[in-house]
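Protein sequences, first through last, are from chains A and B.
Sequential numbering from 1 applies to the first sequence in this note's numbering.
Sequential numbering from 1 applies to the second sequence in this note's numbering.
Since the hints were made in silico from the structure, they are not lab data.
Here the structure is a predicted model, which is why all the values come from computation and not from measurement.
Computed spacing ranges between beta-carbons, pair by pair:
{"#": "1", "chain 1": "B", "residue 1": "M56", "chain 2": "A", "residue 2": "V141", "range": "14 to 24 angstroms"}
{"#": "2", "chain 1": "B", "residue 1": "Q84", "chain 2": "A", "residue 2": "G61", "range": "17 to 27 angstroms"}
{"#": "3", "chain 1": "B", "residue 1": "H88", "chain 2": "A", "residue 2": "G130", "range": "39 to 49 angstroms"}
{"#": "4", "chain 1": "A", "residue 1": "G97", "chain 2": "B", "residue 2": "K90", "range": "24 to 34 angstroms"}
{"#": "5", "chain 1": "B", "residue 1": "D93", "chain 2": "A", "residue 2": "A150", "range": "26 to 36 angstroms"}
{"#": "6", "chain 1": "A", "residue 1": "G95", "chain 2": "B", "residue 2": "L100", "range": "20 to 30 angstroms"}
{"#": "7", "chain 1": "B", "residue 1": "K90", "chain 2": "A", "residue 2": "T136", "range": "42 to 52 angstroms"}
{"#": "8", "chain 1": "A", "residue 1": "T136", "chain 2": "B", "residue 2": "Y3", "range": "19 to 29 angstroms"}
{"#": "9", "chain 1": "A", "residue 1": "A145", "chain 2": "B", "residue 2": "W55", "range": "23 to 33 angstroms"}
{"#": "10", "chain 1": "B", "residue 1": "N95", "chain 2": "A", "residue 2": "E142", "range": "39 to 49 angstroms"}
Sample of chain B residues facing chain A (criterion: CB under 8 angstroms; computed from the structure):
{"#": "11", "residue": "Y3"}
{"#": "12", "residue": "G23"}
{"#": "13", "residue": "T26"}
{"#": "14", "residue": "R28"}
{"#": "15", "residue": "N29"}
{"#": "16", "residue": "L31"}
{"#": "17", "residue": "L46"}
{"#": "18", "residue": "D59"}
{"#": "19", "residue": "H86"}
Cβ coordinates follow ideal geometry from the N, Cα and C atoms, glycine included.
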Amino acid sequence: MQIIFYIAALVAIVSTAMVITRKNAVHALLYLIVSLLAVSVIFFVMGTPFVAALEVIVYAGAIMILIIFAIMMLNLGQASEKREKEWLKPRTWIGPGILAAILLAELIYTLNSFSPPAHEQAIIDAKDVGMSLFSTYALGVELAAMMLMAGIVGAYHIGHEKQKEYHRYLQKEEEL
Amino acid sequence: MIYVPANMGLLLAAILFLLGLIGVLTRRNVLFILMSLEIMLNAAGLAFVVAGAHWMQADGQVMFIFILTMAAAEVSVGLALILQMHRHHKTVDTNVLNLLKD
Numbered sequence: 001m002q003i004i005f006y007i008a009a010l011v012a013i014v015s016t017a018m019v020i021t022r023k024n025a026v027h028a029l030l031y032l033i034v035s036l037l038a039v040s041v042i043f044f045v046m047g048t049p050f051v052a053a054l055e056v057i058v059y060a061g062a063i064m065i066l067i068i069f070a071i072m073m074l075n076l077g078q079a080s081e082k083r084e085k086e087w088l089k090p091r092t093w094i095g096p097g098i099l100a101a102i103l104l105a106e107l108i109y110t111l112n113s114f115s116p117p118a119h120e121q122a123i124i125d126a127k128d129v130g131m132s133l134f135s136t137y138a139l140g141v142e143l144a145a146m147m148l149m150a151g152i153v154g155a156y157h158i159g160h161e162k163q164k165e166y167h168r169y170l171q172k173e174e175e176l
Numbered sequence: 001m002i003y004v005p006a007n008m009g010l011l012l013a014a015i016l017f018l019l020g021l022i023g024v025l026t027r028r029n030v031l032f033i034l035m036s037l038e039i040m041l042n043a044a045g046l047a048f049v050v051a052g053a054h055w056m057q058a059d060g061q062v063m064f065i066f067i068l069t070m071a072a073a074e075v076s077v078g079l080a081l082i083l084q085m086h087r088h089h090k091t092v093d094t095n096v097l098n099l100l101k102d
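Next up, chain B with everything else stripped away, as it sits in the complex (with noise of 0.2 angstroms):
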């Protein structure tokens, strides 16, 4: 193992975190933005991992099978939507979802 920096690691973390939010904000099939959100919770764990390996706790890493296990099911909860949305409205863009509009 070699030494990170921890500035470097939390850098990391905080510009895949940020490409995430660009890739929800901007993309409008629902596809995308399951995967965009997978983006920013696996950043949100690289930056508990970075801290753990700071301080030299294994708490980081506790943290990050955490989320992991946040991410498998919020993923399958969110892919049986998207089936739902598909198969009701025949599309994936997101602005269709507007029936609450009126």
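Excised from the complex, chain A in its bound form (with noise of 0.2 angstroms):
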């Protein structure tokens, strides 16, 4: 039955690097959305129902409505999609592409190294999860609201556009 995690491993791997070639930004986030889901199902094979849910509610629910929204704002069309074929040529991404395969095949190395005994795995649900997040981490949520907060507050901050109509008076301070 393992073969379930290597499918949706290997589902996540291939729209993950498709994500990263892709020249439009709609395409793009359509593989985004299949590798979280991929990553979702994962995490559901592995006794984290809970979590499994937040992916796909959270991550390729909200997060992805999101980026959408700023795709559709940002009206992106065809000459981009020109723009980045010119940006995406073997010369930029070969440097960084030997060196991230560098770190992969140390890392690798380090993880055949680590051979953790196999035992049985239990699943943690959402009971287990609210016990720890609001004892032992009841500061920590805290924080995340106090974050959200200040989120909500700076992307308002940045995102609202300045004000073109003055009041007269104030016009007419301008053009002096």
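Hints given; two lone chains; assemble the complex.
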């Protein structure tokens, strides 16, 4: 039954590779959603159903919708696709690609030397997570709430358009 | 549920993280950079959940929830910044943002 994990992992890797090579932003976003769903399958298979549900709802649902809205507001068309093709030359990605491959080889080597004993895994459901979240990590929850508040205020402040039309006295002053 | 070796889970997290890193390093469109950042954050969360499942503790999932929260806040502020950049410079190319150069 382990084959389910490997299939989902393969789907995740392939679709992530497609995300970073697409020219059209919407196509990349769709591949990113496929990748997140594959990771969600992996979470479910590993016996962490709560996190699998969160991955679908928050990542594939909320965050991706936010990016779709941004793409629609930016209104990137055919011209940007052509420009992307110009930017994505082998010269630009071969250096980072080689360096990342070296890092990956080192990681594979390290992970091969670390072989944990195979033992039974148990399903950790939402109740256990909630007990831990609101007892041990209660301070972290409050900090996360403050960070979300700061995110809302910051996004509003940065994102809102500056007032174009001033009061007529102010307009006169600007002309002077 | 089935048994997933922790090695393979961590390896998958590492591959996804490095793919996201390549995306951040090579793309010039700021939108793609933000998407690659999401991939990297998701890979970090995957590593936490794999470790938590291996030791049968809930802490890994708690950390994943915190990462999720942070990713949501980060993407909202990042998209606001991209919209401002598009409004001021009429482009999404990061190489245009060199106003501090001279």
